[in-house]
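Protein chains: 2
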Amino acid sequence: MTFRVVIPIFDDVTQLDFTGPAHVFAKVPGVELCIASKGTAPVQTDSAFAIHAPYTFSQCPSADLICVPGGVGIMSAIQDPDFLDFIDRQCRGAQYVTSVCTGLFALGALGLVEGRKVTTHWGYEKVIGDCGGVYTKGRVVVDGNLITAGGVTSGIDFGLAVIAQVFGEEIARLIQLSSEYNPKPPFESGHPSVADEETVAQANPFYAELAQRMREALKAARRS
Amino acid sequence: MTFRVVIPIFDDVTQLDFTGPAHVFAKVPGVELCIASKGTAPVQTDSAFAIHAPYTFSQCPSADLICVPGGVGIMSAIQDPDFLDFIDRQCRGAQYVTSVCTGLFALGALGLVEGRKVTTHWGYEKVIGDCGGVYTKGRVVVDGNLITAGGVTSGIDFGLAVIAQVFGEEIARLIQLSSEYNPKPPFESGHPSVADEETVAQANPFYAELAQRMREALKAARRS
Chain A
1 MTFRVVIPIF DDVTQLDFTG PAHVFAKVPG VELCIASKGT APVQTDSAFA IHAPYTFSQC
61 PSADLICVPG GVGIMSAIQD PDFLDFIDRQ CRGAQYVTSV CTGLFALGAL GLVEGRKVTT
121 HWGYEKVIGD CGGVYTKGRV VVDGNLITAG GVTSGIDFGL AVIAQVFGEE IARLIQLSSE
181 YNPKPPFESG HPSVADEETV AQANPFYAEL AQRMREALKA ARRS
Chain B
1 MTFRVVIPIF DDVTQLDFTG PAHVFAKVPG VELCIASKGT APVQTDSAFA IHAPYTFSQC
61 PSADLICVPG GVGIMSAIQD PDFLDFIDRQ CRGAQYVTSV CTGLFALGAL GLVEGRKVTT
121 HWGYEKVIGD CGGVYTKGRV VVDGNLITAG GVTSGIDFGL AVIAQVFGEE IARLIQLSSE
181 YNPKPPFESG HPSVADEETV AQANPFYAEL AQRMREALKA ARRS
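Respectively, the protein sequence lines represent chains A and B. Residues 1 to 224 (our numbering) are what the first sequence spells out, left to right. Residues 1 to 224 (our numbering) are what the second sequence spells out, left to right.
It is possible that part of the hints are untrue.
Which copy is meant is left open, so a pair is good if it fits within one copy or across any two.
[What the hints assert, rightly or not] In silico DSBU-like cross-links for lysine-lysine, where the CA-CA straight-line distance does not exceed 30 Å:
no. : residue 1 : residue 2
1   : K27       : K219
2   : K27       : K184
3   : K38       : K184
4   : K27       : K126
5   : K219      : K38
6   : K184      : K219
7   : K137      : K38
8   : K27       : K137
9   : K117      : K137
10  : K117      : K219
Treat the hints as calculated values from the structure; they're not laboratory data.
Could you build all of it, start to finish, from the sequences and the hints given here?
See below:
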C-alpha cells in the first residue's frame with residue numbers, strides 16, 4: 001500500500017521548510033512523495049535555486065498527508081485562489097493535515113486551525129490568533145490529525161516524528177541514523193528562549209514587520 | 001564585497017546535503033550563492049524533485065568557497081571528467097574547499113585530502129583511507145582551509161560554523177535564530193555511537209555495500 005505525501009510549493013518558498021521533511025519522507029518504503037506547483041515553470045526558492053516540481057496542482061493525486069511549507073512567498077500564495085483551492089481540496093481528503101513554519105497560515109486562511117493547538121515560526125506566533133488557532137509551545141505540535149511544526153529546521157524533527165507515528169519508531173530511527181541527524185548546533189541561538197539578548201533584539205524588528213504583513217495577507221485571503 | 005559560494009550538483013545528489021548549507025549561506029549579506037550543474041537540464045535529486053541550477057559549469061564564476069555535496073550520485077559524478085574538471089578548477093582558486101557527506105570523495109579523487117584531517121557520512125568512514133585522508137571525529141572537521149562535514153544534516157552545523165569563521169559569530173547566531181535551529185530529534189539515533197544496536201545492525205549491511213561501491217568509483221576516478 002502506498003502512503004502519499006503531497007507538498008505544495010510556490011515562489012519564494014523557504015526551501016528548507018520542505019527539503020528537510022522531503023528527505024526523510026522519501027526514505028520511507030511505501031511513501032510516494034508528490035511535490036506540486038501551480039504551473040510547469042520552475043519554482044523560485046529563497047536560496048538562489050529553482051525547483052522543478054513533478055506535479056502541477058491539477059495533475060497531483062490525493063494526499064494521505066499534506067504538508068504545507070512556509071516562507072515569505074506564502075503571503076502571496078494564500079491570496080491566489082488556485083493555490084488555496086488546491087490546499088482545500090487536498091486537506092478534505094487527507095488523513096493528516098500538516099504544516100511547517102508559516103505554511104500554517106495557508107491552513108489558517110481556510111479556517112482549519114480554528115480552536116486547534118498549533119505552532120509556527122517563532123516570529124509569527126502572535127499571528128496564530130488571527131486565524132483562531134491556539135499557540136502551543138513545541139517544535140512539533142500534534143492536535144489530532146493536525147500536526148504543525150515551528151520554523152524551518154523544525155521540519156526535520158517533524159518529519160521523523162510523523163514517520164514514527166504513522167510507520168513506527170523502527171523506520172524513523174533508521175532514517176535518523178542514515179541522515180546522521182545527531183545535531184550539534186554551534187551556538188545556543190535557535191529560539192528566542194535560548195538566544196542571547198543582542199541577537200533577539202536584532203531579529204525582532206525584522207519579524208515584527210513580517211508578522212504585520214502576514215496579518216494583512218491572512219485578512220485578504222481568509223475564507224471563513 | 002561579494003563572497004561567492006559555489007555548490008556543484010549532479011543527478012542523484014542527496015539534496016539535504018546542500019539545501020541545508022544553501023539555506024544558511026543564502027541569508028548572509030554579501031554572499032553570492034551559485035548552484036551549478038553540468039548542463040541546463042533539471043538535476044534529479046534523491047527526494048522526488050528536480051532542481052534547476054542557475055549556472056552551468058562553464059558559466060559559473062570562480063568560488064571563494066566551494067562546497068561539494070554527496071549522495072549515491074557522486075559515484076558516477078566523479079567518473080565524469082567534466083564534473084571533476086569543474087571541481088578541480090574551482091578548488092584551485094577557492095579560499096575554502098569544503099564538502100558535506102560523500103561529497104568528500106570528489107575532493108579525494110583529486111588528491112586534495114591526502115594527509116588531511118577530514119570526515120564524511122559515518123557509513124563511508126573507512127573509505128577515507130583510500131584517498132589518503134585521515135578520518136577525524138566530528139560533525140564538522142577543520143584542517144586549514146579544508147572543511148568537511150559528516151552525513152546529510154551535518155551540513156547545517158557546517159554552514160553555521162563556516163559563517164561564524166568567515167563572517168563572525170554575530171551573523172551566524174542571527175541566522176541560527178531565523179532558521180529556528182534549536183533541534184530536538186525525536187530519538188537518540190543520529191549516529192552509530194548513540195543509536196540502538198538493532199538500528200545500527202539494520203543499517204550496516206546497506207552501508208557496507210555502498211562503501212564498497214564508493215571504493216570502486218574512487219579507484220576508477222582518482223587522478224593522483
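So, going through the hints one by one against the coordinates:
| no. | hint | verdict |
| --- | --- | --- |
| 1 | K27 - K219 | between (38 Å within a copy, 28 Å between copies) |
| 2 | K27 - K184 | both (23 Å within a copy, 20 Å between copies) |
| 3 | K38 - K184 | neither (37 Å within a copy, 33 Å between copies) |
| 4 | K27 - K126 | between (35 Å within a copy, 24 Å between copies) |
| 5 | K219 - K38 | within (22 Å within a copy, 45 Å between copies) |
| 6 | K184 - K219 | neither (39 Å within a copy, 33 Å between copies) |
| 7 | K137 - K38 | neither (33 Å within a copy, 45 Å between copies) |
| 8 | K27 - K137 | both (28 Å within a copy, 26 Å between copies) |
| 9 | K117 - K137 | within (9 Å within a copy, 41 Å between copies) |
| 10 | K117 - K219 | within (20 Å within a copy, 54 Å between copies) |
Consistency with the previously given hints fails for numbers 3, 6 and 7, ordered from lowest to highest.
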